[in-house]
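First to last, the protein sequences are chains W and Y. So the first sequence is numbered by the numbering used here: it starts at 1 and just counts up by one. So the second sequence is numbered by the numbering used here: it starts at 1 and just counts up by one.
Since the hints were made in silico from the structure, they are not lab data. Worth double-checking, as some hints may not be accurate.
To be clear about the criterion: a stretch of chain Y counts as covered by chain W if any three or more of its residues have a C-beta under 8 Å from a C-beta of chain W, and this derived list gives those stretches [said to hold, decoys possible]:
#	region
1	1-10
2	203-213
3	273-285
4	402-415
5	426-434
Think about it this way: if two alpha-carbon atoms lie no more than 27 Å apart in a straight line, the pair counts; the simulated BS3-like pairs of lysine-lysine are [unchecked claim]:
#	chain 1	residue 1	chain 2	residue 2
6	Y	Lys155	W	Lys280
7	W	Lys280	Y	Lys391
8	W	Lys263	Y	Lys350
9	W	Lys274	Y	Lys57
10	Y	Lys154	W	Lys8
11	W	Lys25	Y	Lys397
12	W	Lys280	Y	Lys192
13	Y	Lys192	W	Lys274
14	Y	Lys57	Y	Lys154
15	W	Lys263	Y	Lys391
16	W	Lys187	Y	Lys235
17	W	Lys280	Y	Lys154
Here a beta-carbon is modelled for each residue, glycine too, at the ideal position from N, C-alpha and C.
Here's the letter readout for the chains.
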Amino acid sequence: MVTLENYKGQVPAWCPGCGNFPILKSFKEVMVELGIEPHQFTVVSGIGQAAKLPHYTKCNTFNGLHGRTLPVATGIRLANHEMPVIIVTGDGDCYGEGGNHLMAAMRRNINVKLFVHDNQIYGLTKGQPSPTTGEGMVTKNMPFGVITEQFNPMALAVALDCSFAARGFAGDPDHLKSLMKEAINHKGFSLIDILQPCVTYNKVNTYDWYRQRVYHLESDYDPEDRKAAFSKALEWGKRIPIGVIYRNHRPTFEERLPMIAGKPLVHQAFDLTKIQTAFKGFY
Amino acid sequence: MDYTIKIGGEAGQGIQTIGDTLARVFSRTGCYVFSHQDYESRIRGGHNFYQIRLSDKPLSASKDSVDIIVALDRDSVTHHERELKEHGRIIYDSSALRLKYDKPSFLDIPFADLAVQSGGDRIMVNTAATGAVLGMLGMELSHFLDIIGETFRKKGDEVVLANKNVALAGYEHAVKNCTRCSFSVIAGAASKPKMLIGGVEAIGLGAVASGCKFYSAYPMTPSTGIMNYLAAKEKEYGIVVEQAEDEIAAINMTVGASFAGVRSMTGTSGGGFALMVEGLSLAAMTETPVVIAVGQRPGPATGFPTRTEQGELQFLISAGHGEFPRIIFAPGTPRQAFSLTNRAFDLAEKYQIPVFILFDTYLADSQWTLDGLDASRVLYMDYRLRGDAFKQVADYKRHAFTESGISILGVPGDAEHLVVTDSDEHDEEGHIVEDAATRVKMVQKRLDKKLPLIKREIASPFVYGDHKPAVIITGWGSTYGVMKEAVDELSKSRSIAMLHYSELFPFPHTERFDYVRFLQNAKQTICIENNATGQFSRLMRAETGYAFTTHIHKFDGRPFTVETLVGEINGHLGKL
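Pulled out of the complex, with its shape left as it was, chain W reads as follows (with noise of 0.2 Å):
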């Protein structure tokens, strides 16, 4: 029986009162509560703080570079589609370096589940916007405040017709973690823009700020009807519903591959006597 003592990992380096802890707690309730052992799946993370993430746990662990969490994921879903990959990042490192990958990501439906830490800020490098920092903030590097028009992860999903598409506050954790259960239990690429603010950086968006907007997505809500997706997508400011955004039941990249159709490719031995043929191939 896997506990939460399986997944005790090094003590966190995040500051006091971060919005990362709940979601580390949260994460780490749901893979116990799933059943799933560490060593059964893999964490790819960035550069951030929330991508330190996996060393304050245990699983299997890539964290690579600044940005490129989606190809090494997409990398090891193809070689290994048995193995359940989740990916912690957070809004500069996705939605910023990473945003081509974004797009490539949701176009290909590779089953993975990307969990964005977004705190509106870039809190590693002390505090310049990120993509989803909301227009007129100042900050030190911007001092007239930002005037690039946020970002809205949600809308891009609903275009890009995003397996699975959700957001979910650090302040309200058991919500979260039905929305990370529900991803990972989605076959498809599922995205969770988990909002979660920067108690050093970003003095807008606070607890308080989140928890005067945030509201659950009504029960008669149908995340299936893209439409009314889209719309629900466009919803920010005075008030940000949290909850499945938008969801459909595309056939999974994986599962069009005739190559990995018996098993993964890890696990295909190779036969070096079959080169025989391709030799022939040059006659």
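Given the coordinates of chain W, work out where chain Y should sit on it, guided by the hints.
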């Protein structure tokens, strides 16, 4: 017997179809073949050519002088008529070129009319032209008819039959009308069909033979052929080929797949490799094996997209932030491309490092005949810890400190042991650290301990020609063939040898073969490179202190031919 045939025309006219078919007919007849192409970066129009040389003796380069020109456009005549040998002939269709040439070297063959009159279609002009060339050479038509059957089988019997009739019409027309043709093709002694293979296919074939299971790339000339070759073999050999959204994704996917437990490779050109540099460093830090094929073309920036250069050697040596070991191979022939790709996989897995296959457009696009490849000489050893073997290990640390610096790669998920790695500096388990002592030990593990072992794997350069030469010509990569033929030519009157490097980095030891002394003992040493700055000669000087007496650099985007290289060498030697 040593004939050269040149097919010239606009892009889209089917030059490559005629060239590939003729080369295949010659190799099946048992002749030795060397072919190369020259094309513009466009899909239609412009002027392109395909050049094939055939002989009863082994060939390794192209010549400037031509025996038969198949002119599909007027430019083929204006650009190449001067290359024609004394008894050479130009065949063309005056109705297509809308011009009649009255010189005796020209032979007007109505390809289009022949195609239509023999029951075919105007689009079969290339079949008629191919048939005509075979008629002029006095060869049999049977191999060509077989190839037509294989090529058009899927299009149905009617298309096959029509093409065969058109081939025969072109052939007979040439036999009847080419009265001044004195060509006579004789195959080699045994006349066994030969293997005909190009550089990029040889790299692709080498990857398949090495158990490569994952290839990700973004299309870029001249490396795209590797992706195309592997994609055609995907199902038969269980290979996943994925076209990435960009080169950054391509190398990161390759690293991911390798981490997950399969042999993985990517390929690109200089510009695409510039984007991969960050990922190269990632592979090094995480000690994840990757094979990277880099096809050189003239730069900077987009340069000459479809032409050739040896301009990325210094780039590859120093690419990537941080300090880490790497291996660079630069094959000179398709046979070397095959075997060095195989060694690249073996060494990447053995030492958990990035290994490069550095080639160029010239090698990529030139085809050679081989007497065959030997599967029994292919290296394959699985260095990874999998399944039960991984389960039986008591304790596992991905980056454990060892005597050799090599910590065994475990396949994640195969056992309860966790496989952890990090682009940050990490401890033996793979977790992020900040302390100086671990840092020092990790650098020693990744670099200092592995490097001497890696250096020992690198073979000595290849010597051809005189063993006590007065003159040594030196080069690397794709100039192998042309240098070899230049030595054959020049050794008739001089004491000369060639020194060729296909294993470039780490630079070969001098213990097994003291090539520095070998060079010092010659009167004149010429370093030949297809670039402007002499990147190899700088490497030689940096690694050994040896400076060549003379340099020949060519950076017009075109490869060396035998005559031009011999002329250049003679020019330098004349000055002595």
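With the threshold set at 27 Å, check whether the alpha-carbon distance from Y:Lys155 to W:Lys280 stays at or below it. Roughly 23 Å between the alpha carbons, so the hint for Y:Lys155 and W:Lys280 holds.
Verify the proposed pairing of W:Lys280 with Y:Lys192, using a straight-line Cα cut of 27 Å. holds, 14 Å
With a cut-off of 8 Å between beta carbons, are at least three residues of the region 203-213 of chain Y near chain W? holds (count 5)
Coverage assertion for the region 402-415 of chain Y with respect to chain W, Cβ distance below 8 Å, three residues required: holds (count 4)
Does the alpha-carbon distance linking W:Lys280 and Y:Lys154 stay inside the 27 Å limit? Holds: W:Lys280 and Y:Lys154 sit about 20 Å apart, inside 27 Å.
For the pair supplied as a hint, W:Lys274 and Y:Lys57, is the alpha-carbon distance within the 27 Å limit? violated, 31 Å
Between the alpha carbons of W:Lys25 and Y:Lys397, is the straight-line distance 27 Å or under? holds, 26 Å
Is the straight-line distance between the alpha-carbon of W:Lys263 and that of Y:Lys391 27 Å or less? Holds, at roughly 20 Å.
Take a quick look at whether W:Lys263 and Y:Lys350 sit within 27 Å of each other, Cα to Cα. holds, 26 Å
Hint check: Y:Lys57 vs Y:Lys154, CA-CA at most 27 Å. Holds or violated? This hinted pair is violated, its Cα atoms lying about 36 Å apart.
With the threshold set at 27 Å, check whether the alpha-carbon distance from Y:Lys154 to W:Lys8 stays at or below it. violated, 62 Å
Closer than 8 Å, Cβ to Cβ, for at least three residues: run that test on the region 1-10 of chain Y against chain W and report holds or violated. violated (count 0)
Of the numbered hints given earlier, the model fails hints 1, 7, 9, 10 and 14; all others are met.
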